[in-house]
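Using the sequences plus the hints, can you model the full thing?
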Amino acid sequence: MRNLLLATALVPIASLANAACAPDFTGVTLTVSTQNGPFIASALKTAADSWSEKTCGTVDIVEFPFSELYPKFLTAMSQQTGDFDVIGFIPAWVPDFAPFLSAMPAAMQEGPAWEDIHPVYRERLMSWGGEVKSATMDGDMHMLNYRADLFEDADNMAAFKEKYGYDLAAPVTWDQYYDIAEFFTASEAVDYGTAEAYRRGGQQFWYFFSHAASYTNNPNTPGAMFFDPETMDAQINNPGWLKALEDYKRGLDFNPPGALNNGSGDVRPLYSGGSVAMNIDWADSGVLGATEGAIAGNVRTAILPGSDKIWNSVTDSWDTFEAPVASPFLAFGGWQLAVPTDSENKDAAWSFVQEVTSAEVSGQAIVTANTGVNPYRLSHYENLDNWSAIFTPEEAESYLAAQRGSLDSPNVALDLRLPGFFSYTEVLEIELSKAIAGQVEPQEALDAIAAEWNKLTDEFGRENQLAAYRSSMGLE
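Positions -19 to -1, 1 to 457 (mature numbering (1 follows the signal peptide of the UniProt record, and there is no 0)) are the ones given, in order, by the sequence shown.
Everything labelled a hint here was simulated from the structure, so no lab data went into it.
Do not take every clue at face value.
Only pairs whose alpha carbons sit at most 30 Å apart, straight line, appear in this in silico DSSO-like list of lysine-lysine [what the hints assert, rightly or not]: (1) K436 - K53; (2) K53 - K327; (3) K290 - K415; (4) K230 - K436; (5) K26 - K327; (6) K26 - K53; (7) K230 - K415; (8) K415 - K53; (9) K290 - K144; (10) K35 - K327; (11) K436 - K415; (12) K230 - K144; (13) K290 - K142; (14) K290 - K230; (15) K230 - K142.
Structural data, given as structure tokens:
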């Protein structure tokens, strides 16, 4: 009788324990994998703690070097090993991964949380083949970062105006960018004018693409930046791309010594530590500069420079515009999360994805240094109070305006997404590295890339590649 009474008394307690797990994933262990931390991995670990507390499930974060992610994920998913329940990867790999990814549950594709995701990410980068295959957990684009203390200094302003004939301000063209970089490199106010990534394997080609967008992403020829959207012939050796490569190489004159060995991770401390007047980077530089650098209070951000001349690949001529056209480039496109079809814990996996990308959890990640998570929700741009912990009002205003302005730009340039992306960019980096090191002439390098890209397109199947490319560019 005593045992029966004890068991009866314990029922309500057990029920209360289960009720505390909502939804209840007691006994479920998710294997979540992404690149080595702290970037992205640290944000997933924080979300894992809150998800486990709510659901009583557990999360095992498995990290690999970035260079190993693509082959590890593709091999595991294609062989249906069930190794991963959630993978963190980049949008460029979606075309190759899509056949092995489950579709996002319909319930997650509606309501305030869904509508809060900026349309560029929600409608363009999270879908493939008519299905939502991934969830953005990080918003990425290249921006220009500069130092207010240098740009607003009266002596610098007067000297710049005298030398170049116009006011010192955030550059709106690449010619202005190089004027400013030249000015500060020669001045005693700071060591060097700017910093960009040039190292092969250091996200070099995304920096090159950011220059190229201004000269090749022509609003009169939609989708023609990388390939001809009618024939799938490579466009990377046309005069617009040549101008971009010449510009990109020119920047070495205003970078610190050893710039050929600098990746994006090296560019950030050069800016935040006060060694350069400007840099080009993702939004991480702004957070680092405001929280851990020597320039706190002086962090300013602007949309990438544009151009008033853009190559028209249809007419084989330059189109001239009345004012510079901004073509902000969504380099990388932000980290995404997806659930492989061979996961045995799909419900729990998508629940975890929902936790990571929630406004509450992501809202903290974007203001935490070294998470690698940048704004992608409308609420991220609108909740200024959230940014007061790291930015002054002036810093927050320019930082958020540059990102929102880039996304809202009518001529925003999307990153390349194509089956075989890894093969295309491998060829690109080999020849690009030769050109910026002075081993070959820029046109020679671009011609070699174009020839190899056309071969790859034929090997992958030109018709299929054309359909995929048009889809990624938003064309019917």
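Quiz item: So which of those numbered hints doesn't the model satisfy?
Solution: none
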